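2 protein chains.
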Amino acid sequence: MNAQPSSHVDAARLQRRHQALAAIGATAAGGVDRQALSAGDAQAMALLVQWGRERNFTAALDAVGNLFLRRPGSQPQQPAVLSGSHLDTQPGGGRFDGSYGVLAALEALEALEDAGLPCRRGIELVAWMNEEGSRFAPGMMGSAVLSGGRTLAETLAVADAAGVTVERALQQVKQALPPLDDRPFGTPVHAYVEAHIEQGPVLEQVGIPLGVVSGIQGKHTFRVEVRGEAAHAGTAPRRQRRDALLAATAMVQAMSAEFQDEADLTKFTVGRFTVFPNAPSVVPRQVSFSIDLRHPDSAVLRAASARVAAICAAARGPCEVQVERLVAADAVTFDAEIRARIHTAAERLGVTRLDLPSLAGHDAGLVSQVAPSGMIFIPCHLGITHHEQESAEMEHMVTGARVLADVLYGLAR
Amino acid sequence: MNAQPSSHVDAARLQRRHQALAAIGATAAGGVDRQALSAGDAQAMALLVQWGRERNFTAALDAVGNLFLRRPGSQPQQPAVLSGSHLDTQPGGGRFDGSYGVLAALEALEALEDAGLPCRRGIELVAWMNEEGSRFAPGMMGSAVLSGGRTLAETLAVADAAGVTVERALQQVKQALPPLDDRPFGTPVHAYVEAHIEQGPVLEQVGIPLGVVSGIQGKHTFRVEVRGEAAHAGTAPRRQRRDALLAATAMVQAMSAEFQDEADLTKFTVGRFTVFPNAPSVVPRQVSFSIDLRHPDSAVLRAASARVAAICAAARGPCEVQVERLVAADAVTFDAEIRARIHTAAERLGVTRLDLPSLAGHDAGLVSQVAPSGMIFIPCHLGITHHEQESAEMEHMVTGARVLADVLYGLAR
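Protein sequence lines, in the order shown, are assigned to chains P and F. So for the first sequence, our numbering puts the first residue at 1; every next one is plus one. So for the second sequence, our numbering puts the first residue at 1; every next one is plus one.
If you are wondering where the hints come from, they were derived from the structure by calculation, not from laboratory data. It should be emphasised that the depicted structure is a prediction, and the values quoted were computed from it without experimental measurement. Note that beta-carbon positions come from the ideal geometry of N, C-alpha and C, so glycine has one too. Among these hints, one or two may not hold up.
[Unchecked claim] Which bits of chain P does chain F cover? Going by a derived footprint, with three or more residues having C-beta under 8 Å, they are: (1) 222-235; (2) 264-270; (3) 355-367.
Same shape as in the complex, but just chain P (with noise of 0.2 Å):
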């Protein structure tokens, strides 16, 4: 067996470093406030910068503001191995959603340094710009540009809700750094691998410490309008009434009986649902509301998203009903060669772990689309995220860092 660098991964660098990290926008009540290319995010990348200088990584910036730390390889020409995830935070966060995947990603770089193991690959630590999506929508922007999902020029152009755009804050970040290599867009990319706690409850609820994710449930979402036509509540008779409240409570009851599964695989939620004029003596003239409907399989969720609009339309009565689909985004299945590459790396280490989908979406979901990527879950607390709550075991994250510095070796030496 040849020398590994897991064996240099160091926990106590992981945690301080975890500390330093989650001190940047830390909250009252124990979470993090970070949002994309606020201040606190500006900071998370300019000591992120500095972390990577003590080892002497490359550290360079593309035009959308995501940033890459580099270990080089001996063969410069050879595409580099990636691995990281994203420093930004929903308001009300937790210490763990992404940072966690960035810092494992710094820690594999380091014990990889430590070991005196050189690779023929580059290893490109990267933090995605804007993953969560609460102050530019929507959420992983960086990916999405990188991966050729979106335009640079659209997604420059995105306000946040006090008009700042993309472009304006990614200028005010660059100010808070200093001087960076410009990455150009288009650079090829070997592999991906990215850490993350699950944000769910299997591994904790079956005492599993790692998690080697098959892929990433798709996700269609729709805004539905219906309208109907106001009417007094005591004067209208019910045969002459256009109630949008009617109808659309109808659709919804509909959906919900439509897609339940035995196997409860479908998830279909009705987050958003705002009435007009919303007065009680008035009959509703108008509802908007949302549709999210995710399933591991895309096949199976295109079939649910195709029935959508008959669905509404049976259900719609005498008003009118308008569906629009926003997002369509099908279900990913992670390389198969970097799941055996996880799997095989846990064995080596003794480590046991469980083969399960991400519910939730992730920056790998789009990297996959250029090169073949995978990702390590590890357990979080009750599945708790988005939280300030949110929490993670040192253990587990020492773990996921040896498993994820493994692998990155293998696909890097």
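Add chain F to chain P, keeping to what the hints say.
Just chain F now, with coordinates in the frame of chain P:
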């Protein structure tokens, strides 16, 4: 056949007064914005007092702001006959709702004067304070205090959105009026008759110029709070969710089905439906919604009302539900003798009429608790009301005033 005041109803005078009143608070779109105890309302009251003084009618104000113009009778110890409606409007109200009943009563009093017909009883025109309830909630405040349904103290303490109380607004109104007599609460009332536009489409549809109102349908209202648990739309399995929106929409659909009656008399409306946190990718943790339930038959209404909590509980799934009844106003049946008098007066004038219930609430419903009461409806175009396009034909306004004049004379002579 005796002389009747109806022959002295003066269409030109009624039209002039209608136009003069509609000019106070007139909106650009042809409607009226003259909310309760506003400067416009005070100006309308002052105009009414002036018109009364021109005919030597005594003006009086009670402690809650109801305005009275009295044509004295020959036997002052006999309780007077009352007739009127209200001068206040919705913010974007029309020129007929309320105003017509006030002007029809004034026209009746003037016709009696013009005809030189003395009466045993006094006849009082009344303009009720705050029927609409748009500035100060709830509506029908003036008639509620007079009939004992609300206390004077609680009513004077009600504040508008700007924090101005009824008491303060009433002081300002008094400053805009000449000194008026005080009218004590508890003054006996012999009978009350109110003329009003139908606020529904029936009379126009059947081509009948006069409605003899059988009563006012009852109204029960509720606030329902459904509590579940917020969860991630992508990760929370259906069986573990406590989706407040799914539960609330099931409740609405269950009630809608349960309250459908073949005769289309039950009015079931969910006008307000508010979702928390109302975000597309978050399973809703709470929904608050209103129920407005009406029926002309109190027994039927009470039975339906009594089922609301059980239907909501049965449909709550894994959520919690709290049902609070806010209003429980039984149906009102107007006095049989008053209704017969309206029929007789109309018959003598050759006016066809229809018995019909009022689906909207009116001050007459409250006054009926302290005196025999009734209502006369005239057609309004398409049933449009609480709207600047509210309209009624002058021909019908005159017919209504003629019938009203003869009915009042019959009650007071």
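How the hints compare with the structure:
1. 222-235: holds (count 4)
2. 264-270: Per the Cβ count (6), the hint holds.
3. 355-367: Answer holds; 3 residues pass the 8 Å Cβ test.
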